[in-house]
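**Student:** Here is how the chains run, residue by residue.
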Amino acid sequence: GAGVSQSPSNKVTEKGKDVELRCDPISGHTALYWYRQRLGQGLEFLIYFQGNSAPDKSGLPSDRFSAERTGESVSTLTIQRTQQEDSAVYLCASSLLAGGSLVGETQYFGPGTRLLVL
Amino acid sequence: QKEVEQNSGPLSVPEGAIASLNCTYSDRVSQSFFWYRQYSGKSPELIMSIYSNGDKEDGRFTAQLNKASQYVSLLIRDSQPSDSATYLCAVPYNFNKFYFGSGTKLNVKP
Numbered sequence: 001g002a003g004v005s006q007s008p009s010n011k012v013t014e015k016g017k018d019v020e021l022r023c024d025p026i027s028g029h030t031a032l033y034w035y036r037q038r039l040g041q042g043l044e045f046l047i048y049f050q051g052n053s054a055p056d057k058s059g060l061p062s063d064r065f066s067a068e069r070t071g072e073s074v075s076t077l078t079i080q081r082t083q084q085e086d087s088a089v090y091l092c093a094s095s096l097l098a099g100g101s102l103v104g105e106t107q108y109f110g111p112g113t114r115l116l117v118l
Numbered sequence: 001q002k003e004v005e006q007n008s009g010p011l012s013v014p015e016g017a018i019a020s021l022n023c024t025y026s027d028r029v030s031q032s033f034f035w036y037r038q039y040s041g042k043s044p045e046l047i048m049s050i051y052s053n054g055d056k057e058d059g060r061f062t063a064q065l066n067k068a069s070q071y072v073s074l075l076i077r078d079s080q081p082s083d084s085a086t087y088l089c090a091v092p093y094n095f096n097k098f099y100f101g102s103g104t105k106l107n108v109k110p
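As you go down the protein sequences, you meet chains L and Z in turn. Position 58 (the first sequence) corresponds to 58 in the working numbering; numbering is contiguous. Position 105 (the second sequence) corresponds to 105 in the working numbering; numbering is contiguous.
Extracted from the complex, chain L is given alone in its bound form (with noise of 0.2 Å):
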């Protein structure tokens, strides 16, 4: 497909279980970004990837989170020991080029994976 794909767009869990939830960016963004959306907020910077520079982690919650890209493709969240708090709705996106040049900013969302931690 030519969007953002994500997997799972549902994942029900239990508190203290791992999840691991997968991003599928447009092919060719070499910019690779994840958030997190709880209910009637905004979006909440998790992670970003650029090419193979090392990922700006700083928006990470706390260690249980971390993220994986191979190259300018798959991504992978990875939630350890899941608790309550966690339960949201993990947005990916892409875009084709880094945030500070002029062009190609524009930010393209996944689905989401709406995530409920029991």
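Since the hints were derived computationally from the structure, they do not count as laboratory data. Owing to the predicted nature of the structure, the values given are computational and were not obtained by experimental measurement. Where a beta carbon is used, it is the ideal one built from N, C-alpha and C, also for glycine. Check each hint, because a few of them may be wrong.
With the Cβ distance kept under 7 Å, some of the chain L side facing chain Z (calculated, not the full set) [claimed, not checked]:
| hint | residue |
| --- | --- |
| 1 | L43 |
| 2 | F45 |
| 3 | F109 |
| 4 | P111 |
Please arrange chain Z on chain L, whose structure you already have, making use of the hints.
**Tutor:** Just chain Z now, with coordinates in the frame of chain L:
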């Protein structure tokens, strides 16, 4: 202090009116600003971006930027019920870390 602030609303306007959505940001060096629209249960989609002081028009939408006041707004002319959504202001810091406002919910009444 939040990096990007928006009035959460809801903002209610009658169909055909002008809706005005406002956003303030804290980082004086930010160079680009984005407005996203998010329908309930859906992902955000870009409405407009603006980089220079002044107005930028695209159809019924006008973005206004005032860097001295650290203020960016979005005007929607001839509002339609289909414009009813949450509008998110986004500002990149350090070129790659995007901060989003909490969003303003707009209701356009037929």
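**Student:** With a cut-off of 7 Å on the beta carbons, see whether F109 (chain L) makes it to chain Z.
**Tutor:** 4 Å, holds
**Student:** Given P111 (chain L) as an interface hint, is its Cβ closer than 7 Å to any Cβ of chain Z?
**Tutor:** 6 Å, holds
**Student:** Once the shortest beta carbon distance from F45 (chain L) to chain Z is found, is it less than 7 Å?
**Tutor:** This interface hint holds because 6 Å falls under the 7 Å limit.
**Student:** Minimum Cβ distance from L43 (chain L) to chain Z below 7 Å?
**Tutor:** 4 Å, holds
Of the numbered hints stated above, none is contradicted by the structure.
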